[in-house]
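J.: Chain by chain, the residues:
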Amino acid sequence: MTKTKWVGMDVTRIDAKDKVRGALKYMSDLSLPNMIHGAVLRSKHPHALIKKIDTKRAKELDGVVTVLTHEDVPGLNGFGIAIPDQPVLCGDKVRYMGDAVALVGAESKETAERALELIEVEYEPLPLVSDPEQAMLESSPLVHETGNIHNHVKIERGDVEAAFKEAHVVVENTYSTPRQMHAFLEPESGVATIDEDKNITIWCGGQHPYRDQLQVARALGMNPRKIRIVNTPAGGAFGGKDEITLQIYLALLVLHTGRPAKIVISREESVVAGMKRHPMKIYMKTAASADGTILANQARVVSDTGAYASLGGPVIGFAIEHSCGAYRVENVDLEGFCVYTNNCVAGAFRGFGANQVTFAVETQLDMIAEKLGMGKLDIRKKNALRKGDIAALGHKMEASVGLMRTLEAAENSRLWQIREELKAKPSAPHKKRGIGIACAFQGCGLGKGLPDYGAATIELLPNGQFAIGISCPEIGQGNTTAFVQIAADYIKCSIDDIVMLSGDTGHTLDSGTSTASRSIYTGGNALKLAAENLHDAISTVAAEILSVPGNDIDIRYESAVSKSCPEKTVSFKTIAEFVKKKGKTIKSEGHFLWPVSETELEGYVGIPHLLYSYITQIALVEVNTLTGETEVVEAVSVPDPGKAINPQGVEGQSEGGVVMGMGYALTEDTIIEEGITLTRNFSTYILPTSLDMPHKIDTIIAEELEPSGPFGAKGIGEAVCVPISPAITNAIYDAVGVWMKQIPATAERVYTALKNKEVS
Amino acid sequence: MKINVCLFGPMKKYADKDKFQLELEEGATITDLLDRLKIEDRIYIVVLINGRRAYDEDEPLSDGAEVLIMAPTGGG
Numbered sequence: 042m043t044k045t046k047w048v049g050m051d052v053t054r055i056d057a058k059d060k061v062r063g064a065l066k067y068m069s070d071l072s073l074p075n076m077i078h079g080a081v082l083r084s085k086h087p088h089a090l091i092k093k094i095d096t097k098r099a100k101e102l103d104g105v106v107t108v109l110t111h112e113d114v115p116g117l118n119g120f121g122i123a124i125p126d127q128p129v130l131c132g133d134k135v136r137y138m139g140d141a142v143a144l145v146g147a148e149s150k151e152t153a154e155r156a157l158e159l160i161e162v163e164y165e166p167l168p169l170v171s172d173p174e175q176a177m178l179e180s181s182p183l184v185h186e187t188g189n190i191h192n193h194v195k196i197e198r199g200d201v202e203a204a205f206k207e208a209h210v211v212v213e214n215t216y217s218t219p220r221q222m223h224a225f226l227e228p229e230s231g232v233a234t235i236d237e238d239k240n241i242t243i244w245c246g247g248q249h250p251y252r253d254q255l256q257v258a259r260a261l262g263m264n265p266r267k268i269r270i271v272n273t274p275a276g277g278a279f280g281g282k283d284e285i286t287l288q289i290y291l292a293l294l295v296l297h298t299g300r301p302a303k304i305v306i307s308r309e310e311s312v313v314a315g316m317k318r319h320p321m322k323i324y325m326k327t328a329a330s331a332d333g334t335i336l337a338n339q340a341r342v343v344s345d346t347g348a349y350a351s352l353g354g355p356v357i358g359f360a361i362e363h364s365c366g367a368y369r370v371e372n373v374d375l376e377g378f379c380v381y382t383n384n385c386v387a388g389a390f391r392g393f394g395a396n397q398v399t400f401a402v403e404t405q406l407d408m409i410a411e412k413l414g415m416g417k418l419d420i421r422k423k424n425a426l427r428k429g430d431i432a433a434l435g436h437k438m439e440a441s442v443g444l445m446r447t448l449e450a451a452e453n454s455r456l457w458q459i460r461e462e463l464k465a466k467p468s469a470p471h472k473k474r475g476i477g478i479a480c481a482f483q484g485c486g487l488g489k490g491l492p493d494y495g496a497a498t499i500e501l502l503p504n505g506q507f508a509i510g511i512s513c514p515e516i517g518q519g520n521t522t523a524f525v526q527i528a529a530d531y532i533k534c535s536i537d538d539i540v541m542l543s544g545d546t547g548h549t550l551d552s553g554t555s556t557a558s559r560s561i562y563t564g565g566n567a568l569k570l571a572a573e574n575l576h577d578a579i580s581t582v583a584a585e586i587l588s589v590p591g592n593d594i595d596i597r598y599e600s601a602v603s604k605s606c607p608e609k610t611v612s613f614k615t616i617a618e619f620v621k622k623k624g625k626t627i628k629s630e631g632h633f634l635w636p637v638s639e640t641e642l643e644g645y646v647g648i649p650h651l652l653y654s655y656i657t658q659i660a661l662v663e664v665n666t667l668t669g670e671t672e673v674v675e676a677v678s679v680p681d682p683g684k685a686i687n688p689q690g691v692e693g694q695s696e697g698g699v700v701m702g703m704g705y706a707l708t709e710d711t712i713i714e715e716g717i718t719l720t721r722n723f724s725t726y727i728l729p730t731s732l733d734m735p736h737k738i739d740t741i742i743a744e745e746l747e748p749s750g751p752f753g754a755k756g757i758g759e760a761v762c763v764p765i766s767p768a769i770t771n772a773i774y775d776a777v778g779v780w781m782k783q784i785p786a787t788a789e790r791v792y793t794a795l796k797n798k799e800v801s
Numbered sequence: 842m843k844i845n846v847c848l849f850g851p852m853k854k855y856a857d858k859d860k861f862q863l864e865l866e867e868g869a870t871i872t873d874l875l876d877r878l879k880i881e882d883r884i885y886i887v888v889l890i891n892g893r894r895a896y897d898e899d900e901p902l903s904d905g906a907e908v909l910i911m912a913p914t915g916g917g
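Taken in order, these protein sequences are the chains called P and W.
With our numbering as the guide, the letters of the first sequence map in order to residues 42 to 801.
With our numbering as the guide, the letters of the second sequence map in order to residues 842 to 917.
What the hints contain is simulated information worked out from the structure, not anything from laboratory work.
Every residue gets a Cβ at the ideal spot worked out from N, C-alpha and C, and that includes glycine.
Keep in mind that a hint or two might mislead.
What the hints assert, rightly or not - Computed cross-link-like contacts, DSSO-like style, restricted to lysine-lysine with a CA-CA straight-line distance of at most 27 Å:
#1 P:412 - P:796
#2 W:853 - P:195
#3 P:267 - W:879
#4 P:782 - P:412
#5 P:604 - P:621
#6 W:879 - P:195
#7 P:437 - P:195
#8 P:195 - P:428
#9 W:860 - P:437
#10 P:195 - W:854
#11 W:858 - P:195
#12 P:417 - P:326
As the list claims (entries may be wrong) - Label pairs and their in silico Cβ distance ranges:
#13 P:725 - W:878: 50 to 58 Å
#14 P:187 - W:878: 23 to 31 Å
#15 W:905 - P:592: 56 to 64 Å
#16 W:845 - P:98: 32 to 40 Å
#17 P:166 - W:845: 33 to 41 Å
#18 P:537 - W:905: 40 to 48 Å
Claimed, not checked - Only part of the chain P face toward chain W is listed, based on derived beta-carbon distances under 10 Å:
#19 352
#20 492
#21 503
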């Protein structure tokens, strides 16, 4: 592997100083001269026909500049990454409480909000459907005329029934998972402006500026090149800003008024209107032989995508791909349904469907181990995928597979080694301790059938520094710092000489999304290609300066050197000055296209994947037997990210992931009853706080280098939050002997399970 | 000149096959190719030429070019 100076080093985040000093301007901090303030009128019903919209009184309110409805959308009145089934502004029907019906622009935010109250909308309420299994029935109210089943996935391999008959152990359960909220720090916010030629610029937190550009252009019926999108900084995203949020509304306001505009929505509006993680109901039947070999897995997964599709289709495909865990299973019968309801829309969320099914399959595995009297770590080692194995969908694990490495590191961790000692020391007599372990793999990139591409640019600046451009936005994950490290090692310069341009269609080429654990692999590989082209250009100029043939140049650290006459050298800075004097520039591009699995699943897009990140996580919990409350005392997280570009950054991702998975396991759920969101703020939606943090989270990075990755890197942004949830619920079983099949495992649910256990 | 075309996702509906070769006149552009395929949605579309995203419909194609046509999407 190439020797590196910056890759693999703990480097302070390039945005750290501005963030800790409060100097960084987030989207809600931005302000433009003469701007108006926007506000969106949301639906009053979860399912209703719109009979009439009267904006007269709102328009008459002093300070109101414009009131827009569906009639004012000049292009396609719809958006959605996969299919544009969500109206920009509803004209005939609303399908959930977050649906937008009208848009106001006013001189102040207060006036805009007052004007919303003056818009008169006449609704005819319709019967609603809030249970996805009910929605699948033919008798159910239709959310969309096309039917309530948006996507159906069915994968069969081998003979599950024969395997169930010959198995030594069969476990069969039904699991439920919650509607987790992304809970990014900054609710959806943005500003926009328009120039005399009707060129629009939108600053709005997002995860794929070039796709946002096309979605806005489609709604406005405009040439995409007239729209510039800036997504960085996003103020947190986790998948929740992958879909369009406010970009089209900002564009409509500036288009119709000719004035800059700003919209910042409240947390309550964000909760009701924004994306969530898909709640899933998972039936799973798993068989194993006496030695713990998994023989078969049968799963039926029903996913609630709410009123609109967004990425619900790909999420159910991804869930099915990951529904057997990171294990060899020869006989599978896997079926998934993505279903429309009148609930809040669900879309992309860190883990992308893996979290739900991993909770189920990792619980199944522990149950099997328990029945066989087998060690929980041993059964995972027994079945762990290795390179060259055939995975559940029938595809070969052709790329690096680091699961065994993570299991071995977890086994050697302090927490695992002294677990019995720690379990024996609860903090009070009525508290009991338990340990749980779980594994996961996480597909990186967009998978088979979706060309996954990305570009990078490098420009030698007149001062000898290098500007690098990658459009994958910085959403808090630290990708810009990693890009700077990768670029410095490929270019052969200091990280202090790199200027990073991110998430801006005006200054970067299209590098795709900051999702799917893909941005480091994509951007890093594109940077590698761009650096090679840059070196060619630098060599040409250096040869001219040094009066040597072009093929006599070697690129060294911060300089070009003659191979035949090594005393002849010229620094990058001198080359930059030379080029500037000639009125020229040196700018290179790198264009990367992901490799894909050789396996093609007829009729499916996005599965299977070629690359996966792997992870094993351990949780030590303490359960209060009087209240049912669970505390995570310690956790160990062992990710395989390929090469850790910035180990400190991987640790940050790992710790954040553990806490996000802890909230998913124990407290978080956006409760919607009859289409009405009940948990509208953080007073009722219970996020872990600093007081809930484990006393200790150890991250042990288990690098299994990926030959096709930049310096061996893959991605790790998502996997870190996945297996910790079943590790926690498995630990609850270890502590008090109850299996939690529904998460979050709230105090009430654990207490009830304990009481039921006492009765039985 | 001969262009190698590959259609993905919703773009597959515009041809009988997903992968095929087309004969176009020298100097033909992306617009000419989209016209030939009768692709109507020219906004929500991504065209890759030899692995590089094209941003301009007037961009000329070259003999032997690999052209991938897709709708933007996402995934995990």
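J.: Decide, hint by hint, whether the structure agrees.
T.: Going down the list of hints, with the structure as the test:
Restraint check for residue 412 of chain P and residue 796 of chain P: satisfied, since their Cα atoms lie roughly 23 Å apart, inside the 27 Å limit. A C-alpha spacing of about 21 Å is found between residue 853 of chain W and residue 195 of chain P, which places the hinted pair at or below 27 Å, so the restraint holds. Restraint check for residue 267 of chain P and residue 879 of chain W: satisfied, since their Cα atoms lie roughly 24 Å apart, inside the 27 Å limit. A hinted pair counts as satisfied when its Cα atoms are at most 27 Å apart, and residue 782 of chain P with residue 412 of chain P qualifies at roughly 17 Å.
Between residue 604 of chain P and residue 621 of chain P, the direct Cα distance comes to roughly 25 Å. Compliance with the 27 Å bound is thereby established for this hinted pair. For the hint linking residue 879 of chain W to residue 195 of chain P, the alpha-carbon distance of about 33 Å lies beyond 27 Å, and the restraint is violated. For the suggested pair residue 437 of chain P and residue 195 of chain P, the alpha carbons sit about 19 Å apart, so the restraint of at most 27 Å is met. Between residue 195 of chain P and residue 428 of chain P the CA atoms are separated by roughly 25 Å; this keeps the pair inside 27 Å, and the hint holds.
Between the alpha carbons of residue 860 of chain W and residue 437 of chain P the distance comes to roughly 24 Å, so the proposed pair stays at or under 27 Å and holds. Distance check on the hinted pair: residue 195 of chain P and residue 854 of chain W sit about 23 Å apart at the alpha-carbon level, within 27 Å; holds. Distance check on the hinted pair: residue 858 of chain W and residue 195 of chain P sit about 24 Å apart at the alpha-carbon level, within 27 Å; holds. Restraint check for residue 417 of chain P and residue 326 of chain P: the C-alpha separation of about 19 Å stays at or below 27 Å, so the hint holds.
A hinted range of 50 to 58 Å holds for the C-beta pair residue 725 of chain P and residue 878 of chain W, which are about 52 Å apart. One distance hint, 23 to 31 Å for the beta-carbon pair residue 187 of chain P and residue 878 of chain W, holds here, with the actual separation near 26 Å. In this structure, residue 905 of chain W and residue 592 of chain P break the distance hint of 56 to 64 Å, their C-beta atoms being roughly 28 Å apart. Checking the proposed 32 to 40 Å range against residue 845 of chain W and residue 98 of chain P shows it is violated: the Cβ atoms sit about 60 Å from each other.
Take residue 166 of chain P and residue 845 of chain W: their Cβ atoms lie about 54 Å apart, and the range 33 to 41 Å is violated. The given range of 40 to 48 Å is respected by residue 537 of chain P and residue 905 of chain W, whose C-beta atoms sit roughly 43 Å from each other. At its closest, the beta carbon of residue 352 of chain P sits 5 Å from a beta carbon of chain W; the interface hint therefore holds under the 10 Å criterion. Hint on residue 492 of chain P holds. Least Cβ distance to chain W is approximately 5 Å, under the 10 Å limit.
Taken as an interface hint, residue 503 of chain P does not check out: its beta carbon lies about 26 Å from the nearest beta carbon of chain W, beyond 10 Å.
When each numbered hint is compared with the structure, violations occur for hints 6, 15, 16, 17 and 21.
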